[in-house]
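Engineer: Letter by letter, the chains look like this.
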Amino acid sequence: MTAEENLSRLGITLPSPPAPVAAYVPWVRTGNIVMTSGQLPWVGEQMRYAGKLGAELTDEQGYEAARLCAINAIAQLKAATGDLEKIRQLVRLEGNIHCAPGFRGHPGVLNGASDLMAEVFGDRGRHTRTALGVNEMPCDAAVQLSVFAEVED
Amino acid sequence: MTAEENLSRLGITLPSPPAPVAAYVPWVRTGNIVMTSGQLPWVGEQMRYAGKLGAELTDEQGYEAARLCAINAIAQLKAATGDLEKIRQLVRLEGNIHCAPGFRGHPGVLNGASDLMAEVFGDRGRHTRTALGVNEMPCDAAVQLSVFAEVED
Amino acid sequence: MTAEENLSRLGITLPSPPAPVAAYVPWVRTGNIVMTSGQLPWVGEQMRYAGKLGAELTDEQGYEAARLCAINAIAQLKAATGDLEKIRQLVRLEGNIHCAPGFRGHPGVLNGASDLMAEVFGDRGRHTRTALGVNEMPCDAAVQLSVFAEVED
Numbered sequence: 046m047t048a049e050e051n052l053s054r055l056g057i058t059l060p061s062p063p064a065p066v067a068a069y070v071p072w073v074r075t076g077n078i079v080m081t082s083g084q085l086p087w088v089g090e091q092m093r094y095a096g097k098l099g100a101e102l103t104d105e106q107g108y109e110a111a112r113l114c115a116i117n118a119i120a121q122l123k124a125a126t127g128d129l130e131k132i133r134q135l136v137r138l139e140g141n142i143h144c145a146p147g148f149r150g151h152p153g154v155l156n157g158a159s160d161l162m163a164e165v166f167g168d169r170g171r172h173t174r175t176a177l178g179v180n181e182m183p184c185d186a187a188v189q190l191s192v193f194a195e196v197e198d
Numbered sequence: 046m047t048a049e050e051n052l053s054r055l056g057i058t059l060p061s062p063p064a065p066v067a068a069y070v071p072w073v074r075t076g077n078i079v080m081t082s083g084q085l086p087w088v089g090e091q092m093r094y095a096g097k098l099g100a101e102l103t104d105e106q107g108y109e110a111a112r113l114c115a116i117n118a119i120a121q122l123k124a125a126t127g128d129l130e131k132i133r134q135l136v137r138l139e140g141n142i143h144c145a146p147g148f149r150g151h152p153g154v155l156n157g158a159s160d161l162m163a164e165v166f167g168d169r170g171r172h173t174r175t176a177l178g179v180n181e182m183p184c185d186a187a188v189q190l191s192v193f194a195e196v197e198d
Numbered sequence: 046m047t048a049e050e051n052l053s054r055l056g057i058t059l060p061s062p063p064a065p066v067a068a069y070v071p072w073v074r075t076g077n078i079v080m081t082s083g084q085l086p087w088v089g090e091q092m093r094y095a096g097k098l099g100a101e102l103t104d105e106q107g108y109e110a111a112r113l114c115a116i117n118a119i120a121q122l123k124a125a126t127g128d129l130e131k132i133r134q135l136v137r138l139e140g141n142i143h144c145a146p147g148f149r150g151h152p153g154v155l156n157g158a159s160d161l162m163a164e165v166f167g168d169r170g171r172h173t174r175t176a177l178g179v180n181e182m183p184c185d186a187a188v189q190l191s192v193f194a195e196v197e198d
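Chains as they are written, first to last, in our numbering: chain A, 46 to 198; chain B, 46 to 198; chain C, 46 to 198.
Please keep in mind that the hints were generated in silico from the structure rather than gathered at the bench. Where a beta carbon is used, it is the ideal one built from N, C-alpha and C, also for glycine. Heads up, a few of these hints could be off.
Claimed, not checked - Not everything, but these chain B residues come out facing chain A in the computed CB check (under 10 angstroms):
no., residue
1, Gly89
2, Met92
3, Ile142
4, Phe148
Claimed, not checked - In silico lysine to any residue, SDA-like type, Cα no more than 25 angstroms apart, as pairs:
no., chain 1, residue 1, chain 2, residue 2
5, A, Lys131, A, Gln91
6, A, Lys123, C, Gly76
7, A, Lys131, A, Asp185
8, B, Lys123, A, Val70
9, B, Lys131, C, Gln134
10, C, Lys131, B, Trp72
11, A, Lys131, C, Gly76
12, A, Lys131, A, Ala67
13, B, Lys131, A, Asn77
14, B, Lys131, C, Lys131
15, B, Lys123, C, Arg169
16, A, Lys131, C, Arg169
17, B, Lys131, C, Asn77
Work the whole structure out from these sequences, hints included.
Structural biologist: See the structure below:
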């Protein structure tokens, strides 16, 4: 199945790729790599998941926030490639979690992004990952996710 | 106009590229990519902007700190390429801000770096960006900025 | 001397490369670059260095934690390449330190990783580096280290 077919099966309609919140661009291609800027859990112009994990937000909400960042990242990858089938391989997810003292749920929260990438891209969705805590996040976002992907010539 | 002409127009003289503060190198080239180490707001051996945004430093000072990191990064890119015209495209700015609880000004502060890149490199200066808060920064630096750039063969 | 000979000389036996703690893979190759996921200071299934620098852990323990992350990263690079002599050049260490308020020892702590890379790979071990503080780290790890390396065709 194609990535688009998997998105349909999951009931996901890709949004317009979110615009940057400042003086940068949402993705750049260099050679066979596309890198996205840090994606936040926007739905349209609404920050859907604001606050800190381990304080205002539950791990379940964090998982959904990471999944939403991944949906926004896939929208950027589609804008960059025109066709998600041109993505050969995800390479890297850099996951950053806005969190309160003592939070330890980073791996499970970021699986919200990783699990979606596996469902949408299958083996092409395999990726390396970093998972860091962040004391204060732009726009009070719960999660910030950057994606590196290898694309066809 | 060339990048050097734009620097002149802005009244910026590139410094000697700052030396690393430990056992690493300031830039590496791999294929057509140059990556810099994390650049701090040094002027010579002086940390010009020390402290946390949202506490000791204003957003305006943060903007200047990010701009200074970008100047130091451009000095590294010149050392790496010998000629800034060999830079085809900036690819990525990884921006990290030393900040106190409740700080939300990351996008504006990092525009200090992004705006300068646009002024110096024009369309070649377009880049993806990440913007994270950091609880404690090496050398008490206000900002740490890493740059990825695509260069000519 | 080869990297393996240097490891022997240092009395280091590479461990089995640590398994990811969630839904991602430990390394990906894209073109001539291998990137690892964030490596933590595991010894087998034991988190050897848990806690925060500047609170529960000394800088000396942090140095050892960073060194252990680097050993685990080398194990990943060996799994990725089959032979450490296929590594042309380390490119980047992204070092992240779990730390308490006021901590400033990032550069010295991360030299635990950088010094080992120099001892094992010699000139091929030269790398760019980032050094950030992290308020809360997955698995309470003291350090998280990601490695980018350029490998042979």
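Engineer: Next, verify each hint and record whether it holds.
Structural biologist: Cross-check of the supplied hints:
1. Gly89: Violated, because the Cβ-Cβ distance from Gly89/B to chain A comes to roughly 28 angstroms (cut-off 10 angstroms).
2. Met92: 21 angstroms, violated
3. Ile142: 8 angstroms, holds
4. Phe148: 5 angstroms, holds
5. Lys131/A x Gln91/A: 30 angstroms, violated
6. Lys123/A x Gly76/C: 21 angstroms, holds
7. Lys131/A x Asp185/A: Violated, because 34 angstroms separates the two Cα atoms, which is more than 25 angstroms.
8. Lys123/B x Val70/A: 23 angstroms, holds
9. Lys131/B x Gln134/C: 22 angstroms, holds
10. Lys131/C x Trp72/B: 21 angstroms, holds
11. Lys131/A x Gly76/C: 16 angstroms, holds
12. Lys131/A x Ala67/A: The hint is violated at about 28 angstroms.
13. Lys131/B x Asn77/A: Cα-Cα ~20 angstroms, so holds.
14. Lys131/B x Lys131/C: Answer violated: Lys131/B to Lys131/C is near 29 angstroms, above 25 angstroms.
15. Lys123/B x Arg169/C: 22 angstroms, holds
16. Lys131/A x Arg169/C: Given that 25 angstroms is the threshold and the Cα spacing comes to 34 angstroms, the pair is violated.
17. Lys131/B x Asn77/C: 22 angstroms, holds
Going down the numbered hints, you'll see the structure goes against 1, 2, 5, 7, 12, 14, 16, while the others check out.
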